[in-house]
Structures are given as structure tokens and as C-alpha cells.
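Q: Residue strings, one per chain:
2 protein chains.
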Amino acid sequence: MEPLRLALIGFGNVGQGFMRVLSKTQVRCVVAAIATKRNGCRLFRDHQPPSQLADWLQEPHETLTLEELVAHPHIDVVIETLPTDLDNPSNVMDIQTAALRAGKHVITANKGPAAHSYLALAELARENHVIYGVEATVMSGTPAIQLIHALQGAQIKRLQGIFNGTSNFILSQMEGGSQYADALTEATRLGYAEPDPSADVDGLDIRAKLMILAQVAFGVSHTTQDIQIAGIRDLDQRLVAETVAAGKRLKLVGLLDPKSASVRLMSLPETDPLARISGATNGIAVTTELLGTVSLIGPGAGAEETGTALLVDLNRVLEVNHG
Amino acid sequence: MEPLRLALIGFGNVGQGFMRVLSKTQVRCVVAAIATKRNGCRLFRDHQPPSQLADWLQEPHETLTLEELVAHPHIDVVIETLPTDLDNPSNVMDIQTAALRAGKHVITANKGPAAHSYLALAELARENHVIYGVEATVMSGTPAIQLIHALQGAQIKRLQGIFNGTSNFILSQMEGGSQYADALTEATRLGYAEPDPSADVDGLDIRAKLMILAQVAFGVSHTTQDIQIAGIRDLDQRLVAETVAAGKRLKLVGLLDPKSASVRLMSLPETDPLARISGATNGIAVTTELLGTVSLIGPGAGAEETGTALLVDLNRVLEVNHG
Chain U
33 MEPLRLALIG
43 FGNVGQGFMR
53 VLSKTQVRCV
63 VAAIATKRNG
73 CRLFRDHQPP
83 SQLADWLQEP
93 HETLTLEELV
103 AHPHIDVVIE
113 TLPTDLDNPS
123 NVMDIQTAAL
133 RAGKHVITAN
143 KGPAAHSYLA
153 LAELARENHV
163 IYGVEATVMS
173 GTPAIQLIHA
183 LQGAQIKRLQ
193 GIFNGTSNFI
203 LSQMEGGSQY
213 ADALTEATRL
223 GYAEPDPSAD
233 VDGLDIRAKL
243 MILAQVAFGV
253 SHTTQDIQIA
263 GIRDLDQRLV
273 AETVAAGKRL
283 KLVGLLDPKS
293 ASVRLMSLPE
303 TDPLARISGA
313 TNGIAVTTEL
323 LGTVSLIGPG
333 AGAEETGTAL
343 LVDLNRVLEV
353 NHG
Chain A
33 MEPLRLALIG
43 FGNVGQGFMR
53 VLSKTQVRCV
63 VAAIATKRNG
73 CRLFRDHQPP
83 SQLADWLQEP
93 HETLTLEELV
103 AHPHIDVVIE
113 TLPTDLDNPS
123 NVMDIQTAAL
133 RAGKHVITAN
143 KGPAAHSYLA
153 LAELARENHV
163 IYGVEATVMS
173 GTPAIQLIHA
183 LQGAQIKRLQ
193 GIFNGTSNFI
203 LSQMEGGSQY
213 ADALTEATRL
223 GYAEPDPSAD
233 VDGLDIRAKL
243 MILAQVAFGV
253 SHTTQDIQIA
263 GIRDLDQRLV
273 AETVAAGKRL
283 KLVGLLDPKS
293 ASVRLMSLPE
303 TDPLARISGA
313 TNGIAVTTEL
323 LGTVSLIGPG
333 AGAEETGTAL
343 LVDLNRVLEV
353 NHG
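Chains as they are written, first to last, in the numbering used here: chain U, 33 to 355; chain A, 33 to 355.
Next up, chain U with everything else stripped away, as it sits in the complex (with noise of 0.2 angstroms):
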């Protein structure tokens, strides 16, 4: 059989975290055309393996615009891994609706279109017989988006979560005792907070995932402003003592049910599942009508492990593709 073909739309830290794990893997593929901002669109007319793909960074090759590259007969799926925009998705959007219009498979890291449209975008992939990717959007490697398709049988009542790593990290920062500003410096220091942390402190990134996360479990959009959210924004040291004090952790938790979703501070009980993830690890706990509640527990962020969850769908992809 082939190879399949793969177009790395983007290749920063994920997109680069993808291809050394790929490297590492006996996956039937070949990276066939590369489009970063620096080097335009180049697609390889003669496949490498993965390894030698620093050279090829190198050379000249064919330069095409990014929709027809994604559209190419040489391509069989997209790998795209841009910056995620909350507030514009359309331009990624674009790409990825020409990609799946043109009978490609889409694997993504990029929470906007899957957010604003994972639904439209899941059909239109269904119309073209491909699959439209997105268990690398929340949770990175922890295969949260698979594990909700497989309890799909047994029912899901609701979900809850600790979707963002950042937060949580501060929050357990603050239960050592350190304030949020100090808190958060640190979690600056080591890479998990972006120079402007408002996505992970302010809840926005959890609201951009728990809007992904309703449609995959239960078909239902909701716009940024069906969402209530909550930050930990300069949180009271003290409101965190006192909550540790009463045997208790307080965490900020994305909850999501068929009519509703929301992001709040909450004071769990030591019992719940999510109350003992400490540090920069995410978990989810989905509760079924014919399982109860399954939890499942891991990173939640990296360059490596989001590239793990790209290589989780393109498996699909060759399962599909190859029985």
C-alpha cells in the first residue's frame, strides 16, 4: 500500500513536536509539502522520511497559496497546526473547509473553527468521506475526544473537567502557599503561561474547549456568550488556604451537560475525581447513564504530547484508509 501523503500546515512548536514523534513511530507516511510563514507553501515531489526534513527546509521547491496546497492531488491529509485565534478562526477555517471540500483528511491542534464549528466542519468531512481530527484541541495527548466517541454508547449525562494546565498549576502553586503573582511568574518561568496569560487565567481557553467539547458529546453549539466563565485572576491567597484548610481543593473546572456549559471555581471534596490532579495535569470525568462516571487523567499541554494527539487521529486515518 502507499504512504499516505501529509501537508504540515504550520510548523512551530507543535507542528516540530509532531514530526519527532512521528519519527519515532513505524506510521505508513510520508510528509509530502510544508507551509510555515517563514518558507511559503513547499510541496516535495519525492517523499523523505521525516528524519531528513531539516534539509529539506532548505531547498527550493514549489510554491503554491495555502488553499491550493491543501487541495493538492499529491495530498491525502492535512496536519494543521497554526496559532490558535479565538476571536478569527475564519482564515484557518478556510483552509481547513478547502482541504475537506477537496476529499482531504483534517487533523488539527487549532481550538478556533473546531470551536466555532466543529459540527459543520465534522459533517462536511463526513459528506467527503474523511475525518476531521480535533483530539489534539483539548488535553493534548491524553485522548479525552476519543474517550468521549467510545462512551457515546453508554449514554453521557454530563462531563466536567480540568481542561486548562496553566490555571492549575497556579492554583497548586497557591495551595504551597506562593501568592498568584508570584504564582504565576513562575509558571511564566517554566513555559506553561504565554506573556499574556488571559486565555489560561481568565477561563477563555476552557470556554474555547468545553464549546468543542459540546458538540463532540452532544451535537450542541454554544457561542462564547451562552458560556458563563470564571478566572483565577488575582485570587486571595487566603480563599485558597482556607479551602485546603476545610479538606477541601479548589480547582477551576469546565462543566458541560446536553443544555449547558460553564466555567466555575469550585471547592471539590476530596472524593471527586479532579479534586487530587495537581500541577500542570489536566483530567476529565464523564458520567454516563449506563457506566457511571469514567475518568481519565494526563497531560494537558506540550509539544510533544499535542503531537502525540495529532499521530492518535492520523491512526484513524490509516484505519480507515487500510482496514
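Hints may contain errors.
Claimed, not checked - Listed below are the simulated EDC-like cross-link pairs for lysine to aspartate or glutamate, each with C-alpha atoms no more than 16 angstroms apart in a straight line: (1) A:LYS189 / A:GLU321; (2) A:LYS189 / A:GLU99; (3) A:LYS56 / U:GLU207; (4) U:LYS56 / A:GLU321; (5) A:LYS69 / A:GLU99; (6) U:LYS280 / U:ASP214.
Hints listed in this document are in silico derivations from the structure and should not be mistaken for laboratory results.
With chain U fixed as given, assemble chain A onto it according to the hints.
A: Just chain A now, kept in the frame of chain U:
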């Protein structure tokens, strides 16, 4: 597209649980045959929706041998839920082999054939471009097998888990002060323990699951002799009490790495993801090179719970068959 035609081999608790789960979903399939000890093999020429199954069992139908039935051209998928016999798996293995050779997908809840020959049966499935699904053999509807597949790209180093709900329930009762005999009686009363509890309390059930997991996770086969086991039969309540007093939990744990497998009675610190798993719940912690540890916690037994696991594999078949 034509609906998938299922043959149900075995129609006891798990088979009936599967039917109840299936009847609540929109899965495009029909029950085209049922084989039970009492009614023999029945192939239904006029496919009916699953809800009318009870009537079908009353009517006379064409009778075939099991091997003829699973290889019949009117069948696409074999759902095998015969009782597990770890000592004599060969009868069921013959049925699974006949089905796979005839190009039928095989989805099983039976630990016997999978423990002894998962690798060979999965290879036979690959050769015939069908799926050999064993999700229901470990942790019921909590999708541990799917998790391991998803984490392959992250390079699994080892895994450990609480894979037997009955023994974990007994240990939880003993933590609450019960003597072993009383806890076992309670487990039997609730339907967790069989009249002969050996498989659950002597570690034999966990050993079979480790044999399956070793093949799925590492491609390695162990014989029963390779795996050192421990159990909880007649465990002294004072040992449980002392462990709790020391701030730890006594757990019957299955451990697996690429070279070895064992079942051990372990004293786990509260920080261990498996320590707080109480009652009949199961859990698995998979440690990987790229993601660290990912944990999955949920129910480990039950008719509808195991039926949900069979449905997880059936959905994989649908994804492969219908894009």
C-alpha cells in the same frame, strides 16, 4: 449503505446486556443470527430491529453448526460472549478462527482466546482485513484497550492497574473493618463474586487480563507460568487496618512492562493514582516516554458495562466499513 449483520454467539448476561445497549443507539446494524446453548444456532433471513429479538427466540429457524454460522455469507460481524474458560480456550478459539478466516469481524468479551492467542488472532484479522476487538475483555466499558492503542505513539514503558473489581471491593470492605469471610459473603450477595471465587480472589482473572494487555501493549506473549501471582484469599484484616493506619492502601495490582508481568498485593501511597480506587471500580495507569502517566478509571464489570465495550469495537468496525 446496508446495515452490518451481526451474529451473537452466546446470549447470556453479557450478550443480553449488549442487546439492551444496542437497542438504545442508532448504530446501523441488525441481529442476523443468534447461537445459544439452549436454542442452538439460528440465522434470521428477515432482519428485524433488535427490539423484537425476544419474539425471534420463540420461532423455529434454520439450524447450523457454530463454525458454519460464523462463516455464513449473511454475517458481517461476530459478537462472541461465551463464558470464559481460561483453562480450555480452544473451542472458542476455533470459532473465532473460523470467523476471521471467513473475513468476518470478531468482537469478543471472552478472556480465554485473547489471553492465549491475541497476537495470532489479531494477525489473522489483519490478513483478512477485519477487526479482532477485545475491548470487552478488560475493564468492561471503560475503554482501556482503546487507550493503550491511542498511547502507542507515546511509547508505553509500563502499565499497572486494578483489573478485578471483586477483589478490590473485598479490600474496600476490609478497610471499612470487615473480616475477609464477611466481605466475600457481601461480594457474593451483590453478584460481584461467583460461587467459586478463585478467579477473582487468587489473581487468576488479573493474570488473564495481563496476558491480553501484554500482547496489545507490547506485542509480547506470556504463558500462565511466566506470571507470578498473588491473591487476597483469607487475608488478615489486621494487615489491611495497619496499612490504612500508615496512611496507605492495600491493593491487588496487575503490573506489566515489556519484559515481565506480575500480580502483587501492594501497599500504595495515597498519591498513587490507583490508591483511591474503591469498591468494584477498576483503573489503569499507563506510563509513557512522551506523556508521562495517563490514568483511566471506571467500572470493570457488569452486563451493560461489558455490552458498552462490545459497542466500542462495533463502532470501530462501522468507522472502517463506512468511512
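Q: List in ascending order the numbers of the hints, as given earlier, that are violated by the structure.
A: Numbers 2, 3, 6 - these are the hints that the structure violates, sorted from lowest upward.
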